[in-house]
Structures are given as structure tokens and as C-alpha cells.
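Chemist: Both chains are given apart, each in its own frame, so use the hints to dock them into the complex.
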Amino acid sequence: MHTSDTALGKNTSLVRLYGLELEVERRGRGQPLLVLYGEEALELDAPVLVELAKNYELIIPSPPGFGASERPDWIESPDDIAYIYLDLAQSLGLRAVPTIGFSFGGWLALEMATKDASFCAKLVLVDPYGVKIGGPTDRDIVDPWNIHPTKAAGLKWFDPEKGKRDFGAMPEHELTIVARNNESFARFCWDPCLHNPKLMRRLHRVRVPTLFVWGEHDGIVSPDYGKAFSRKIPQAKFAIVGQAGHYPHLEQPTEFLTLVQDFLV
Amino acid sequence: MDVWHFTEMPYPHLPPLDTLSTMRVTLPSRHYDPKIGADLYNRYLDEYMIADDLGFHHMVNEHHQTATCLDVAAPLSAAILARQTRKGRICILGNPIANRGDPLRIAEEMAMIDCISRGRLDVGFVRGVPYEIFAANTNPTQTVERLWEGIDLAVKAWTSHDEPFNFEGRFTRRRLVNLWPRPYQSPHPPVWITGSSDFDSIKKAAGRGYVFATFLQPHEKVRALFDAYRSAYLDQGLPGGGGTAFMPLVFTGESEDAAEAGARELIWYMTAKTEPQFRNPPGYVPVELNVKALQGAFSGRTDAMRAMGLEFQREQGVVMYGTPDQVAKQVRRFYDRVGGFDHLLVMQQAGFLDHARTVRSMTLFAKEVLPQIKDLARTRPNNAKGAAE
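Those protein sequence lines, which keep their order, are chains A and B.
If you're matching positions, the first sequence starts at 1 in my numbering and goes up one per residue.
If you're matching positions, the second sequence starts at 1 in my numbering and goes up one per residue.
None of these hints come from the bench; they were simulated from the model.
It cannot be assumed that every hint is accurate.
In silico lysine-lysine, DSBU-like type, Cα no more than 30 Å apart, as pairs [claimed, not checked]:
#, chain 1, residue 1, chain 2, residue 2
1, A, LYS164, A, LYS10
2, B, LYS221, B, LYS329
3, B, LYS35, B, LYS273
4, B, LYS87, A, LYS151
5, B, LYS329, A, LYS164
6, A, LYS122, A, LYS54
7, A, LYS164, B, LYS292
8, A, LYS132, A, LYS10
9, A, LYS151, A, LYS132
10, B, LYS329, B, LYS87
11, A, LYS151, B, LYS273
12, A, LYS162, B, LYS292
On a predicted model such as this, the values are computed, not experimentally measured, just so you know.
So here's chain B without its partners, still in its complex pose (with noise of 0.2 Å):
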């Protein structure tokens, strides 16, 4: 079990949010304090430099116009990790491919970071959240074609080597594909892929041997997503071989009492509020459930879990808190519900958790729990020969 320290570099600091009809995408720059997001930017580094002395690996993320994530270039992050930090990988997940628009950009950006890190960098490609399709103003009708066609232009400009190619596709055309550098790792860095819900991307990501990760979900969701990729599983010979992720809101403490507390400090990110247009644009999610919505009875996929409280979400697995006995018992408990994974990403800060208890915890999981979980096995594909169906 590889585990990777999370934190979407939140900006807490903002008026009561009663006062507030959203965090995302229209809350004004003026509730942004630079002088603070200085503060923040460096301290949520120094976090990263801390979880590599702890043996952690990095994960990174972005978002674009919300106070629940100031990182807005996964890259630019990912970039400083590769130069300051020196044992753990660095993933980035990921790369918002569809809403970026442009993928060969993107590939030459990680071949950078592939060869400054000399191969720790794994790159996630997602499709983005429903809310990121309006900073991005990208058709949330067309997102899923983008993401594919985006990747598969990224990787074959990785492993293309001998003469530049055309690509004239849907979405992207270029007269002359001709990556420089090419990236450290051979054929090219591990991928992932996240999803939530879309067994046709689970499958491709399966077939193309690239790893699929799920954040915050309830563990029987867990469990049919991460099946539907083991019966698809296709070895491509990628560093890594392929797996599945998880990400919890995670947070290790002395006693119960104070890994509640922590614990509840981190579900300040389900609270995160977004006006309901901005969570379900039109063609984001299948006619299906629009029918749902319409019916009243889905409002956007992070929605659900929000309502839920804390021990509910315990018992889901969505948030892991405890001891660090309890923690590695949870995180044991999340793996054989799920029938095996292979990365935990922990989600270790958010919201105000401020950094001497976010400190604290991170070392907690990595003296105390890491050594309970990282013997778990990696899963095994199920069927290979399904993914070349």
C-alpha cells in the first residue's frame, strides 16, 4: 500500500459561511487576503517537505475560482515538490485535460517535471468537477471526449520518438507533434484517471493499464467501481502496473476525543457551498439522473454525502479519524470491504486545521499506522482478457 499526503490548499479565512451563497466560482477576490495566501501557499509546502522526511509520497491537485483550493496549477506545485523534495513520487491528480484544452502543453509539462524529479512524478488526467466547467467555460456536454482524446495525444507524444506526427482530432490539431524533452520515465509515467461513476472511462482506464482513483465515496460505491477496473485490468507494462486509489478525509490523533475534533475541523471541505447551477450544469451527468433532478432527488454528486454526518461517513469509510490503531484498523477495514486497493491518499488538512495539529497527525499515521497498512497487498486484475474486449 503506497499512501500520498493530500491537501487541496484551502483558504479558509473567509466571512461566516451563512453569509455566503457560494465558495465557488462567483465569491469575489476581495475576500482574498494576499498577505495570507503567501502564509498559506508556503506553510501548505512546508507540509509536502514534512510528509517527504515522513515517507509519504505527494499527491497535488487544482481547482480554479474557489476559496476551497488556491492551488490552481497542479504543475506549478508539482514542480517545486520536484526540486525540494527528494524520496516520495509526486502525483498529480490531476491535470484537468478536457477543461485545459490543450494536451501537448500538458505533456511537455510533465516531461519537465519527470525529469527534474528524475521519474518520482505519476500523472492523473481528470475530467474536472461540475463547477470548474465555468471557470474553464468548457462544454460540460463534451467534457468525456476531451478527456480521451486529451490523453491519448499526451501519451502518444511521450512515446513518440523517431519523426513528428499530425494530429488532426476533434478537439486539438496540430500540424507537427514533436515533444521535447520526452519524459524520464520509460514508457512514460505511471497514469491515472479519477472517476466517480462512469464504468465506460473505468474500462478504458483499465485497458490502458492506467490506475483509477475515487475520493470520498461510500465503500459499496467503492467496491463496484474498483471491480469494474479489476475485470477490465490490461498490464501495459507502465512503471507502477496499473491499481486503484482512494482518497478519505483522514485524521490521526492522541485519543478519540482529539481525533473527533481534528476530524471534524477536516469535513469543513464537505461544507464547501456551491449554488446549486454551478453543481449540475446541463449534460455533466447522464439524462438519467437528470431525470433524478428534476424529480428532486439528486442535486450533484458531492451533494449526498455532505448531508451525512461524521459518523456516518466513518462507518462509509469517507472519513477515517481515531487513534492510530483505530485509523489502521479503518484503513484495513476499507480494504476488504473493497475487495483490495493499492493507494491511500490521505487527505490529511483542511479547512482550518491549522499546522502544528495537521503536523502532529500526519506523523502520528506515519509512525503509528503506516506501519500497520503498508504490507497490504496490491490487488490483482481479475480477468485481463476482459479489458480487450
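Same shape as in the complex, but just chain A (with noise of 0.2 Å):
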């Protein structure tokens, strides 16, 4: 047991899992949620995950690389992480828990569900990457790293003022797991940008009820993008969150949380 913020009620402990340390977070009271966090970890201190965490204990796993988790040289990919996560249901005794992953989490959720989805009963998708619809020249994904990080901002929110952090006044600590955070993001989804050539034709191994939610007004990944994605599982289901961008969760809390709660029960 490393910290804790009894005010949350967090509490955060490293797990050892052959050889690699991973944090992992608890959160909560009730039955077991598993959260995967997006590459900027918003969701963490995101009213989003309060409220959830009234009706369910948390469980919120680091990737490699992220917050205090350790990230061997040899981990390079979503695909990688996935393996890692699945000892880590195993090894944390989840069995067909309801999971929900945000953008690149949304991925890694695809890529446990894919290899063995018996760790999971629901799947709630949050504006996720990982496959490539169209063609070498169509730009499915933008690509991030490319534009200015002022265009990049209006892309990824409705409303870019939500999307205002204000680094200056993070403490270094905070500031060094964003900062390595950063880092591990493009380590993991550089290239192929941000998705898995094998993922598409892995997808119709998710049997289990699936919820895709989409912002209206994602600039990164469109709701075309995720419909077209949606399609590819069988039976899932897709619901767009007006007057979001890439994070309808933190533009909409509470027509998202009506939506999760709706499907999740």
C-alpha cells in the first residue's frame, strides 16, 4: 500500500506481475469495475469516476509506463500491454467484470477482449483508437503528434477551455508522470499510428455486450470513424454524446454516466 486519498477513497498499491511492477488503484465500494484510463489520465480526477465509484469498487490499473507502473524496454505495444493486463485480471482474480476504457484504454480493453475476453461481461468504449478503416492515404486517425498542440486541443475537446491545464502550477512530481506518460503514449501507438493492423480482424472474438460512446464533435476520431468501428463487433451498440469532442465523459458527465449506467445494469 503506497498512498492513499481517504477523501476519494483511493487507495493505490504496486502489484508485482512476473517481474514488472504495476500500479493499481481501488477505488470504491461494490462490485468490480475495471477502468482504463486515456493517454492523458484525465479520467482520475474526473467527477466521472466519483460518481461511479458509489455504486462500484474501481479498479483502475497503470499501463507500462504510465503513473508509478515500470516499463521494460521490451513492451512496445498495445499489443504487448495486453497480454500484461490479462495476467493482471488473472493474477487480481477479475472474472467477467464490467470494463471501461477511454481512448487509448478503450484500445487496450479491445486488445485483452480479443485474446480472452473471459475477464470482462460488459465493454463500454469511450472514443477508442486501434483499428484502420479506410485506406493508406485517408486519415482515419489524426495524427496528434502532427499538428500544433493548440490545433490539437480544438480538435480533442468541444469546448478547448475545458481542455486547459494548467502545468504551471503542477507540482514536478505530477508534472513527471504527465511529462513520462507523454512518452510512453507514443512509444506504445507511434507507429502504425495509433492502431493495430491485426486488431480489425480480431474483433469479431469480443462476444460480450458492447457499448461504443462517441462525442459528436471528436476531431481526432469521428463518430464515422466509430460507427464504421462499432460495426465490427457483433452486436454492439453506439451512442453519440452531443457537444463533446474526444472526451464526451468529461464534457457530458451526466449524459454519459446515464448512458454507462443504463447499459450497465
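Modeler: Rendered as C-alpha cells:
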């Protein structure tokens, strides 16, 4: 047990797994709910998890190279992380638990579920990356590393004001996590850019009820991309959230929670 | 002291710079006129020929998707110089081995150029500047690993002469490595590495007997880098015997005013604009520096020097200019400040600096500066044992 934040009912521990140390946070009470956060880890301080923690025990692992998790050199892709997360789910005794994955975390959830879906009862995917739908010159996923940071924020957020973060006011140890998360995201997702060419051919293996939630104004991965993505998974549902970009759960938490809670009951 | 002529072969004929957001990576090629480009290529190569007659060695480099550098394949320009020059050594600084991703093809090309030039080749390897990542699509978090795996493989290929070997590395896999031709120089051409702050790489370079080069850095920083090199240097019996190299922008004029005017043209190079996302891709620099970037205190390594004025740049040794005596004095002062060094890489052409003035500056340097600095002693390693650790 490392740290605890009693106010939020958080507690964080480091789990050692086949020679790799991963950070796992547990928060709230109730049935377990696996939460795979996005590349910016914005979910961790957001109201959406506070609300979910009222009804569930949230299990929130940090991927290798994120948070306090180690990143050994051999781990290079979401595919690699999926095997580690499946080992983690097994070691934590997670079987048939509902799972939510945000953005990069949604991609990780799909990499896991296409390999072995027994950890998972239902799957919620929020504006995930992971597949390439179009041809070589189609830009299915806007390359966030190629564009000016200001423009990138405009594509991610319906209201870019909500996306502003005051890094100047953050303590150094938090900035270190932000910088390391950014680096790890690039390590895993740089090339192929934000997708695994094999994943599309594996999506039929996801045989659990699946809900895609998509921000209507997501400028990184469009709703059309999301719809085409969702059609590759048998019986997957697709829901649009208005006045939201890449992070509908952060821009429209109330609507998002209603959708998710209805799906999970 | 060896002195090497260098131009990055710029294409400066662009729309007004304040109308462009970048000169690199995404600048459309409609701004490139092939006829002007043809003139520039031939002019820059002519200047290397003149440099050869004047007693300079030659340095070439390459960059991609940028108006700042038309040389997109240093082995091609080096091959031309191998055939067309007679005296000077030719240093490729360098082969972007991490980005090119085919170390054995590079090893072959270098062996061929070494043979054509009859052993006048120095082979540099570079990790590549941040914006090169985008043209090459290399993972920015792995460039150092790719660099060293590639160098070690190239050297093994140059020095294996009895039977093929297999190589199953992290980034390169080959069944039968069996290089033809082998290099002219034995055991292989001098190897150079560039760097600006990675002390691990400096130590590796020094331990392998390679030359370490750094560009356009303030003298205190250069001193720290060169000290690190000297304390780890291990003689591996390579031609040239290792050493250190520094590149400033250099303009030599008949008068102080003429020199300053020339220097102001050269620093076009430092005003080359690049959009912020291309200056610092994630993982290119360590997490500690990216923490500073988030705090707004760091926006890419090349950015800091750019913001400073010419006078400051001269004081730091980044730009050396003046009359021949003044330039010689600046070189000697820099030499003293950094604990000595072995190779002066003079970037004598940049931006709009035209042929006549470039050649005039080169000639003054060769005739009046070179004699004053060529006897500067080679630096001596501080502690050869350090490299063994």
C-alpha cells in the first residue's frame, strides 16, 4: 500500500507480476468495475469516476510507463500491454467484470478482449483508437503528434477551455508523470499511428455486450470512424453524446453516466 | 587542428519567412524551383572543390523535407566529392542510421566511397534532429537504441572478413552478413558521433575510439561534453585516433564591418522556423527536460541559442566572425576555453550568402586563419581507464 487518499476513497498499490511492477488503484465500494484510463489520464481526477465509485469498486491499473508502473524496454505496443493486463486480471481474480476503456484505454480493452474475454462481462468503449478502416492515404485517425498543440486541443475538445491545464501550477512529481505518460503513449502508439493492423481482423472475437460512446465533435476520431469501428463487433451498440469532443465523459458527464449506467445494469 | 568546410546546402529562396509557419517537415515543395535547385546543388559542390584547393577537408550532412538542407543523401554528395576532389578528407556527419533503418546498406555505401576516395572517408553517425523523426517515422522514444545497434552492426560488418555472420537484433535482422566491398582503411574508417547532452552516448563513443562532435553550442557546455569525452577515451587504433570536433558558423572578412554583415547572413540558419510539435517529439529528450517543457522553460534544444543576439553568439563561440586575425583569436580562445579540440567544422555558407562572398570568406580563412591555428595541439585523453568501466 503506497498512498491513500481517504477523501476520494482511493488506495493505490504496486502489484508485482512476472517481474514487472504495475500500479493499481482501487476506489469505491461494490461490484468490481475495471477502468482503463486514456493517454492523458484525465479521468483520474474527474467527477465521472467519483460518481461510478459510489456504486462500484473501481479497479484502475496504470499501463506500463504510466503513473508509477514500470516500463521495461521490451514492451512496445498495446498488444504487449494486453497480455500483461490479462495476467493482471487473472492475478486480481477479475472474472466477468464490467470494463470501461477511454480512448487509448478503450483500445487496450479491445486488445485484451480479442485475446481472452473471460475477464469481462460488458464493455464500454469511449472514443477508442485501435483500427484502421480506410486506405493508405485516408486519415482515419488524426495524427496528434503532427499538429500544432493548440490545434490538437481544438480537435479534442468541443469546448477547448475545458481542456486547458495549468502545468505551471502542478508540482514537479505530477509533471513527471504527465511527461512520462506522454512518452509512453508515443512508445506504444507512434507506428503504426494509433492502430494495430491486426486488431480489425480479431474484433469478431469480442463476444460480450459492447457499447461505444462517441463525442459528436471528436476531431481526432470522427463519429463515422466510430460507427464503422463498432460495426466490426457483433451486436455492439453505438451512442453519440452531443456538445462533446474526444472526451464525452469529461465534457458531458451527466449524459455519459446515464448511458453507461443504463447499459451496465 | 583539422578544418572542415561545410554548407548545409540551403534553399533560401522562400516566400517572406513571416508568412510561413515552418521551413521544415510540412513546407510544400511548390516553393522549390528545380532550376534554382539545380544551380544551388552545382554551386555548393563547386565550393567544395574550391575548398579542396584551399586546403580544407570536407563535411557533408543530410536532412529531409526541409528547405534548410537540399542534401537529402549525404552518401551521394560524399560520393561526388570522393571522385571530384583529390586532397581533403570527406566526413559524412552524418548518416542518420536510426532513421534510415538499414545499417548494412549504409556500411556498404561507406565502404564503396572509402575505396573510391582511396581512404579519405570519415564516417559519422547521427541520431537525427527532432524534426527528422517525422519524415522518417521512427519511434522518437527509441532513436538512441537504434543508433547504437546500427553503428555496432556496421562496424562488425566492416571488420568481419572470413565468413558471413547472422544478426538477429532488436531493429535489424539478417541471415548472412557478408560485406562487399570492405573499406579501404583498416580496420575501418574513422567513426564520428554527434551529440548535444547525452553523456551515455559520449562515453560509448569515447570507449570505442570514435570522434565526438557537437554543433553550435556555448563554450561552457562544450567544455563539459569534451571533458566527459576525454575522461572516457580509449584508443582503439582507428585511423585519426578519435578526438573532438566543434562546429561554429564562420565568416572571415576584410574588415570588421564586412565580417559582421556576412555573419548576419549566416545566422539565417538559426532563424529557420519549425512548428513546436516538430521541435520536441515525445521521448526524444528525457522526461526531466519534458517536465521543463511543460513548465514553459524548454522548447527544444535548438531554440535557446536562436533567441540570443549575434554578439552573444560570438562571445559563446557559436558564431565566429571578423578579420582573419580576429577569427584566429576566437578559434584559439574557444580552444582554450573547452580544454582543446581536434576538428574545427566551419559552416561558411548558409542562407543567402552568395558564391562570391562565400569563396572570399573561405579564401581569407584558408590563407590567413588556417596558418594561425593549424598547429594547435591535438587533445590528449585524460584517463583511458575510464572507458573500460
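Chemist: Now tell me, hint by hint, if it's right for this structure.
Modeler: Hints, one by one, checked against the model:
| no. | hint | verdict |
| --- | --- | --- |
| 1 | A:LYS164 x A:LYS10 | holds, 25 Å |
| 2 | B:LYS221 x B:LYS329 | holds, 20 Å |
| 3 | B:LYS35 x B:LYS273 | holds, 24 Å |
| 4 | B:LYS87 x A:LYS151 | violated, 52 Å |
| 5 | B:LYS329 x A:LYS164 | violated, 51 Å |
| 6 | A:LYS122 x A:LYS54 | holds, 19 Å |
| 7 | A:LYS164 x B:LYS292 | holds, 18 Å |
| 8 | A:LYS132 x A:LYS10 | violated, 37 Å |
| 9 | A:LYS151 x A:LYS132 | holds, 23 Å |
| 10 | B:LYS329 x B:LYS87 | holds, 27 Å |
| 11 | A:LYS151 x B:LYS273 | holds, 18 Å |
| 12 | A:LYS162 x B:LYS292 | holds, 23 Å |
In summary, the numbered hints that this structure violates are 4, 5, 8.
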